[in-house]
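In our numbering, the protein residues as written are 4 to 394.
Misleading hints may appear alongside valid ones.
[Unchecked claim] Estimated spans, in silico, between C-beta atoms of each pair:
1. D177 - G298: 42 to 48 angstroms
2. R158 - V380: 29 to 35 angstroms
3. S113 - S22: 46 to 52 angstroms
4. S51 - R392: 22 to 28 angstroms
5. A107 - G358: 42 to 48 angstroms
6. R223 - A147: 22 to 28 angstroms
7. H26 - R392: 27 to 33 angstroms
8. D265 - A224: 27 to 33 angstroms
9. E174 - V380: 45 to 51 angstroms
10. N58 - D192: 46 to 52 angstroms
11. R348 - D83: 30 to 36 angstroms
Quick caveat, the hints were computed from the structure, so don't treat them as lab data. In this text, a Cβ means the ideal position worked out from N, Cα and C, and glycines have one as well.
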Amino acid sequence: MSSSTVITNIAALVTNDPSLGDHSPLGLVRDAAVVVEGDRVVWTGESSKAPATDNRVDAEGRAVLPGFVDSHSHLLFAGDRTEEFNARMSGRPYSAGGIRTTVAATRAASDAELEASLTRYLAEALRQGTTTFETKSGYGLTTADESRALRVAARHTDEVTFLGAHIVAPELADDPAAYVDLVTGEMLDACAPHARWIDVFCEKGAFDGDQARAILTAGRARGLHPRIHANQLSYGPGVRLAVELDAASADHCTHLTDADVDALANSRTVATLLPGAEFSTRAQWPDARRLIDAGATVALSTDCNPGSSFTSSVPFCIALAVRDMGMTPDEAVWSATAGGAAALRREDVGRLVPGAYADLTLLDAPSHVHLAYRPGVPLVAGVWRRGVRKL
4 MSSSTVITNI AALVTNDPSL GDHSPLGLVR DAAVVVEGDR VVWTGESSKA
54 PATDNRVDAE GRAVLPGFVD SHSHLLFAGD RTEEFNARMS GRPYSAGGIR
104 TTVAATRAAS DAELEASLTR YLAEALRQGT TTFETKSGYG LTTADESRAL
154 RVAARHTDEV TFLGAHIVAP ELADDPAAYV DLVTGEMLDA CAPHARWIDV
204 FCEKGAFDGD QARAILTAGR ARGLHPRIHA NQLSYGPGVR LAVELDAASA
254 DHCTHLTDAD VDALANSRTV ATLLPGAEFS TRAQWPDARR LIDAGATVAL
304 STDCNPGSSF TSSVPFCIAL AVRDMGMTPD EAVWSATAGG AAALRREDVG
354 RLVPGAYADL TLLDAPSHVH LAYRPGVPLV AGVWRRGVRK L
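Could you build all of it, start to finish, from the sequences and the hints given here?
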């Protein structure tokens with residue numbers, strides 16, 4: 004039988020259960036404790052009411068929240084794009100075409116090199132409180148390279164996404180229809196066994212609405228659930244296509260019409276906002292306030308990738324969302340935990356309630372608000388994943 008541990012003397016505990024504590028969406032409990040047994044939470048509440056346990060950890064008056072759920076990342080790649088970033092910061096605008104640079108480097112890398120790079124970024128994210136992550140293929144764009152990327156990813160997470168439709172492969176740039184046939188045929192056959200999700204970059208310079216529908220529909224027929232890069236660089240059909248296909252999330256959501264917002268608000272599709280991309284490309288910020296006020300579910304994620312958002316830090320994205328996207332600190336923290344879980348259609352992460360995985364982040368601060376209040380400061384003092392302390 005596994006031993007039990009109480010983490011006690013927590014100044015402020017974010018549970019994301021509105022039936023607890025202050026009855027807000029965060030379910031904030033003051034002077035709190037959490038009891039962990041095995042890989043699960045078995046009790047949360049006020050410290051004075053905590054049951055007896057085998058072990059005790061003193062939080063020393065600091066805040067505890069669920070581990071961050073990063074529901075959108077691109078961690079299967081080789082090389083970086085320092086020169087592109089430097090040029091962009093000197094005045095060149097961002098477009099989808101820079102992905103080809105990473106495709107070339109990724110194709111040239113060995114499996115061992117790809118895995119070493121992935122584990123490096125996962126360790127980096129864990130140190131900043133991320134305990135659940137999704138990651139995508141999309142930098143191979145051949146059947147062999149896409150399937151090997153997914154095999155590597157599946158050794159480290161259950162949330163694996165097939166993104167063969169990132170851009171049209173360079174060798175088929177003049178025949179996008181042939182590439183769509185490849186993605187929905189041979190490539191999908193090779194990749195589906197290693198993935199849970201299918202994604203497509205629905206954007207000018209990548210795939211139009213009809214192509215995106217064909218790709219996501221083919222993936223769904225093979226048992227993969229849709230998600231979509233939607234409305235990042237311009238207005239387009241991506242968001243409404245996501246809602247039509249019951250995609251788990253529409254990601255970016257920077258350029259939205261009123262009809263797009265209404266569609267999201269009246270669906271299960273989560274609007275996943277990725278402020279690291281806007282920061283790194285000096286683009287227009289997504290309007291989180293507009294989405295939240297309309298009733299849409301919002302997630303916050305890093306979009307960690309070498310071209311347009313080379314950050315693994317969810318705390319950094321929380322600070323950006325509060326400063327520049329109209330979110331309150333409470334909303335940003337909820338979106339980076341429970342919102343990310345909703346974007347992955349998960350109820351066992353992103354919350355600290357009995358039955359959920361014991362994924363916790365301890366802050367060197369008395370409140371979760373410090374994540375936005377003290378931007379850039381390394382506040383994560385401890386991380387538990389599946390009940391095991393990792394930091």
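Checked hints:
1. About 44 angstroms separates the C-beta atoms of D177 and G298, a value consistent with the hinted range of 42 to 48 angstroms.
2. At roughly 33 angstroms, the beta carbons of R158 and V380 sit within the given window of 29 to 35 angstroms.
3. For the hinted restraint 46 to 52 angstroms between S113 and S22, the CB-CB distance of approximately 50 angstroms keeps it satisfied.
4. Checked against the hint of 22 to 28 angstroms, the pair S51 and R392 passes, with Cβ atoms roughly 24 angstroms apart.
5. In this structure, A107 and G358 meet the distance hint of 42 to 48 angstroms, their C-beta atoms being roughly 46 angstroms apart.
6. Look at R223 against A147: about 24 angstroms separates their beta carbons, and that is inside 22 to 28 angstroms.
7. In this structure, H26 and R392 meet the distance hint of 27 to 33 angstroms, their C-beta atoms being roughly 30 angstroms apart.
8. A hinted range of 27 to 33 angstroms for the beta carbons of D265 and A224 is consistent with their spacing of about 29 angstroms.
9. Between E174 and V380, the C-beta spacing of about 46 angstroms keeps the proposed range 45 to 51 angstroms intact.
10. Range check, N58 to D192: about 49 angstroms between beta-carbon atoms, so the 46 to 52 angstroms window is met.
11. In this structure the hint that R348 and D83 lie 30 to 36 angstroms apart at CB holds, the actual value being about 32 angstroms.
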